[in-house]
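Trainee: With the sequences and hints as input, model every part of the structure.
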Amino acid sequence: MRFLLAAVLTIATVAPAQAADNRGTPQPATTPMPAAASPTPTPSQTPTVSSTPTTATKSVATQLSAIRELVTAQNFASAKTALEQADQQFPNNADVNNLLGFVNRKLKQYAQSATYYTKALKIDPNHLGALEYQGELFMIQKKTALAKKNLDKLKKLCGVKCEEYLDLKKVIDKK
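Offset between the sequence shown (1-based) and this note's numbering: plus 141.
I should point out that these hints are in silico values taken from the structure, not numbers from a laboratory.
A portion of the hints provided could be inaccurate.
[Stated by the list, open to error] Derived DSS-like pairs: lysine-lysine, alpha-carbon spacing no greater than 27 angstroms straight-line: (1) K316 <-> K294; (2) K249 <-> K260; (3) K294 <-> K247; (4) K260 <-> K294.
[Stated by the list, open to error] Cβ pair distances, simulated, as ranges: (5) L307 <-> R209: 16 to 24 angstroms; (6) Q226 <-> T285: 17 to 25 angstroms; (7) R209 <-> C303: 14 to 22 angstroms.
Heads up, the beta-carbon is just placed ideally off N, CA and C, and yes, glycines get one too.
Mentor: In C-alpha cells, the structure reads:
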C-alpha cells in the first residue's frame, strides 16, 4: 500500500504542473511573475476531465505500476486487494483482469484465475500476457492441448522470439 501512496503523492506533485501546461494560458517568457502573485496551484483549483481516455489510461497505468511492485515483492494478497479496487474503477480493463488472474493463480485460486483470464481475453482477444498466463494455468490443470492452442496463437501474434511465447513454451516443454 505504501507504493500506492507514493504513486498518489507523485501524481499530486506532478499533476498541477501538467495541468498548467494544458490550460492553454502559458505565462510569457519575457515577463516573470512576482513571487507573491504565483501561488502553487492545487489539483482542486485546476478542473480536469476524468472521462477522457488519456486521463483514465494514466490513472489505471499508475495504479498498475504500484500493484506490479506488490507482485514483484510476492505480496499477492495485497496485490489482489488493490486489483479488486482497480477492477471496480476500471471494470473492462484487460490488464487489470490479467493481473487478477495472475495473483489468483499464485494464490492457488485456480477457478477465479480462470475467470479473470477469460474476461481479459474477452476484452482483448490478443492480450499477450493473458494468453501466456492462461496457458500456464492450463498446464497446472493438465490441459496441455489448450495451453498449446494459446502457444500457437502467441506464435501468430508475436512470433517465436517474444517473451510471452518463450515463457509459455518453456512451461509446456517441462511437462
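Trainee: Against this structure, judge whether each hint is valid.
Mentor: For each hint, the structure was consulted:
1. With a C-alpha separation of about 20 angstroms, the suggested pairing of K316 with K294 holds against the 27 angstroms cut-off.
2. A threshold of 27 angstroms between alpha carbons decides the hint, and for K249 with K260 the separation of about 18 angstroms falls inside it, so the pair holds.
3. About 24 angstroms separates the Cα atoms of K294 and K247, which keeps this hinted pair within 27 angstroms; it holds.
4. Taken as a hint, the K260 and K294 pair is honoured in the structure, with Cα atoms around 17 angstroms apart against an allowance of 27 angstroms.
5. Separation of L307 from R209 is about 20 angstroms and conforms to the stated range, judged on CB atoms against 16 to 24 angstroms.
6. The hint said 17 to 25 angstroms for the Cβ distance between Q226 and T285, and at roughly 35 angstroms that hint is violated.
7. At roughly 19 angstroms, the beta-carbon separation of R209 and C303 lies within the given 14 to 22 angstroms, and the hint holds.
Checked against the numbered hints given earlier, the structure breaks only hint 6 and satisfies all the rest.
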